[in-house]
Amino acid sequence: MIDFRQKNVRSASATDVIVIGAGHAGLATSYCLNERSIDHVVLERGEVANSWRKERWESLKLLTPNWQSRLPGFSYTGDDPDGFMSMPEVIDFIQSYADFSGAPVRTNTTVTSVRQSGDGYRVISDTGEWQAKSVVIASGACNIASTPKVADSVPAHITTLTPHQYRGPSQLEPGGVLVVGASATGLQLADEIRLAGHDVTIATGEHVRMPRTYRGMDIQYWLDCVGILNERYDEVDDIVRARGLPSPQLVGSVDNRMLDLNRLSDKGVRITGRLMGINNDTAQFSGSVNNVCALADLKMDRMLDAIDKWVRCSRTDASIGPVERFERTRVASAPKLTMSLSDGSIKTIIWATGFRPDYSWIDVPVLDRKGRICHDGGVVDAAGMYVVGLPVLRRRKSSFIHGVEDDVRDLTAHLDSYLRATKPAMVASM
Amino acid sequence: MSAVLKAVDNGVNVEALLGARAALTEAPEAAKFVWRAESEWQNGTHTESTVQRFFGLGEEQSHVQEYSYDTDHPEIFASEDKGSTPIEFVLVGLAGCLTAGIAAVATHRAIQINSIKATIEAPMDIQGILGIDSDVRNGFDGITVSYQIDADASEDDIKALVAQSQKRSAVFDIIANPTNVTVEVNK
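Line by line, the protein sequences give chains R and F.
Those letters in the first sequence? Residues 1184 to 1613, by the numbering used here.
Those letters in the second sequence? Residues 1208 to 1394, by the numbering used here.
Next comes chain F alone, as it looks inside the complex (with noise of 0.2 angstroms):
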């Protein structure tokens, strides 16, 4: 029996992501980014915001366009529904952000993905916002994410992938752990 590799393909340009973490390895300065966000209000409780522009490799980036969100409340808090709620798009990121690392590290790994779904849930009670009981956070209470992925690989191959992606994902630390944040007022 001959022993073929099989070429695998994600989509994932994981030389260069590889050569990236090297060539940063040495240039420690050139890994801090600065991410950015602006929006504006625009009625009631909907928002828009764009991004654009971000900080890396020791100079200005640009995504390829601007890309825009709007973000509002549902109809059942009388609002206009112009966009998914804020508290959907921390989910939002954190699927995207997991589903990616997976599939780069199944590359890396050389496990042909076939396809990655996901289920997030992220129970919350409300009491917290509304200022009904001081002892029930704003946040989530948790999150489950659950993934249906089908690859070329054993089960335990597919729960390492989704482990080492949680391991090196930036929103799950975000989530997971506490971050400063500082909100200033300029005129």
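This is chain R alone, in the form it adopts within the complex (with noise of 0.2 angstroms):
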């Protein structure tokens, strides 16, 4: 019954399901709406991929061979099945998407406040206010570049930059770089640095090493054969761990190279311990370096002994190359433990320390002390809200393009359940 009493009843359009966010993810879940002819309108801040189109660094190419570029109903089909896409093919990729499914799009259409009013939600934005019955979060993962607490400590005359508002060497001012993480970010902002002629040190806390190319196969290949891609979210034995892993030490590139730290090494990059402190001008790196490269090693060997023991048991195919095992990753006999920040050796600092969602338009109480959403396999905690598109959803696969799908057409059918039970009586008796 409508209240009449109700004051500032401002005008709000109605639908059923308002999605946040046209990426692969939120243009997935809208093609799965349509799918189900369910009622929705996919609100976006700026333009179909927006981040990829403003928040990448330039030579940035996709971690996944184009072969495995696809979402529901669409997939890559140009005429190299084996290649990276650089950005503007991830852009055109994903805007050839948004053509082919005609997703209700709404973009420059930036969402202030999501709260819960009547039976659903009131979403408000900058160009208008809609009431919906479900709210699908598709708003990205990567929206905030974390740094560490220590970036405060950091002298003033160094410049600090985060990975989204990196764009390549030729911004950088001569003279060294100090790279904070070894992730897929770390190591390939590391890498072409060094190329670029800096001095560069990379500190290396817990990380994931991984071969682009095994026995012959891309890696992902083999991931996907294996069933890691596939494990279910309710399977993995750590969920929080699985969830905050660091992305794999992975390139995508024309020569297919292994992007590890020897490869760093070989070129010339200091590697240290993860940046633990800054006291008096000075950084000090922690003294573990040597255990987290074993860790890597012993965790990456495991994932090969798994892809072995997969060929023996599925398949005999001549094609398949031989066993491979890669070098341990050399650790210098006594990495250094302090490094001045105030005798002009660094010039610059790069926090590849990790990414994290902006959820601070949430006005719905889901998110924990730290936080981070709650949410079961993207199921959230309130009746109707969902969120797609994160590290670990419901898949190890979850965050990648191709991984998407599965998510959103579990999703998607447990929406349509929710308003199907929801819907009022009165109405469904008319």
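It should be emphasised that the hints constitute simulated quantities derived from the structure, not laboratory data.
Ideal placement from N, C-alpha and C gives every residue a C-beta, glycine not left out.
Please note that a few of the clues may not be correct.
Claimed, not checked - Distance windows between CB atoms, simulated: (1) F/Pro1281 / R/Trp1493: 54 to 64 angstroms; (2) R/Arg1539 / F/Gln1334: 44 to 54 angstroms; (3) R/Gly1410 / F/Arg1316: 17 to 27 angstroms; (4) R/Asp1551 / F/Leu1225: 14 to 24 angstroms.
Dock the two chains into a complex; use the hints.
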């Protein structure tokens, strides 16, 4: 019943579902909602594939090969299935998907608040308001570049950049660069900055080492075959850890090169332990670099063992190459524990220390004490609210472009049942 | 062939540890512990230190008894050698922490341990503590821990136990990473 005493009733458009974000996950959700004839609108703060357009460095290519690039009802059809998409190609791929699916996207519409209202949600944006029974959050996993507390202690004369601010080596002033973090981001940036002639140090905490190709096939082929990519979130041993893992040390390149700390060492990059503190303008590194490298080597070998076992049990294809093992990560006998930040040797620090989503606009109590959204495989702890496109959301592959389809199919099925169950009896009997 | 999961007994109550982990995830305040030691100078370079009480799980706690330790220096430093050097105590702490971790992780991974022995070596140039050369630090040049482990597991699985133990070791972290130290003088 409408309450006529309600004050400040602003006009709001009504729809069943609001999808927030028109990246690959939001568009895939829209496609699956269309399949079910569920009325919805996709709100996008900028353009389709906005983060890919504005928040990626120039040389970045997808970590997954083209043959793996697929979304519900759509897949790569180009002539280079083993290649890796550049950012313009990713943007084109996602824009083509939006055009193909006819998703009802409202671009340049920034959501400023989502709150519970009536039997659903009030979604407030800078261009209007919506009342929806359900909300799907597809606003991305990497909105904010995380920086450690120690970032506050960096001397003012040093330039600091997050991966969102970094475009390429030409933007750096001459001189030494400290790259903090050994994920795909950290290694890729250290590699290209070193190649551009800078003195580079990379501070290395726990990381995930992975060869680009193994036994003649791309590693993604094996992760898929062995079933690692399809491992479900409720089967993973430690889901909090799995969701927080740094991205594997991979790069998409024409020469299929393996990007690891040994390659960086060969190019003259200095490897230190994790950046633990800055004291009197001196950076302090952990003495645990041997162990984090040993952990990564052991874990990589376990993965390769699993692949070998799968090959033995499942196929005897002659085209599969021989078993390979890779050189242990080489660590200097006494890696540097400290480094002066005041003697002019370091001009730039790059924080490759991970990303996190921005949920500052969610006015529904669904965030935990660390600001993470509480959900069970994408079903948020608030009726009718869903989240898609986060790492290991429902499967190990969830954060990959090709990984979103299975998640979105599961979640739109759940959403469909939710809408049916909450449909008012009066309407149902009409 | 039927797979029989062998019961593993390393004397570590892993269920209790996992239970504590789950409980403290829900109540992070209870995870805040304070460790304490008290010490009293005896004579020369000989000091006696004791530990018994600590704080954790939201309240004062106690060991089953008071433990007492003597630290001194060896006779070549013209001391009476009433106990190990404080430096050696650091190595004792590291060995105790890493080895406990290995046993705990092994139990969690259903690996039966038969024996764990470690040798620790920590070179030090004492020109630092004697103030001879200010370029030489007071502390160790480095620490090398060598484990000999007999367990019902592959070589890589044993290496993984040792790696995981380092990853979760408090003393390893204390030694490998900087810690702010505040020393006050009270009347």
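Okay, the hints, checked on the actual structure:
no.: 1; hint: F/Pro1281 / R/Trp1493: 54 to 64 angstroms; in the structure: holds (58 angstroms)
no.: 2; hint: R/Arg1539 / F/Gln1334: 44 to 54 angstroms; in the structure: holds (47 angstroms)
no.: 3; hint: R/Gly1410 / F/Arg1316: 17 to 27 angstroms; in the structure: holds (21 angstroms)
no.: 4; hint: R/Asp1551 / F/Leu1225: 14 to 24 angstroms; in the structure: holds (21 angstroms)
The structure meets every hint from the earlier list without exception.
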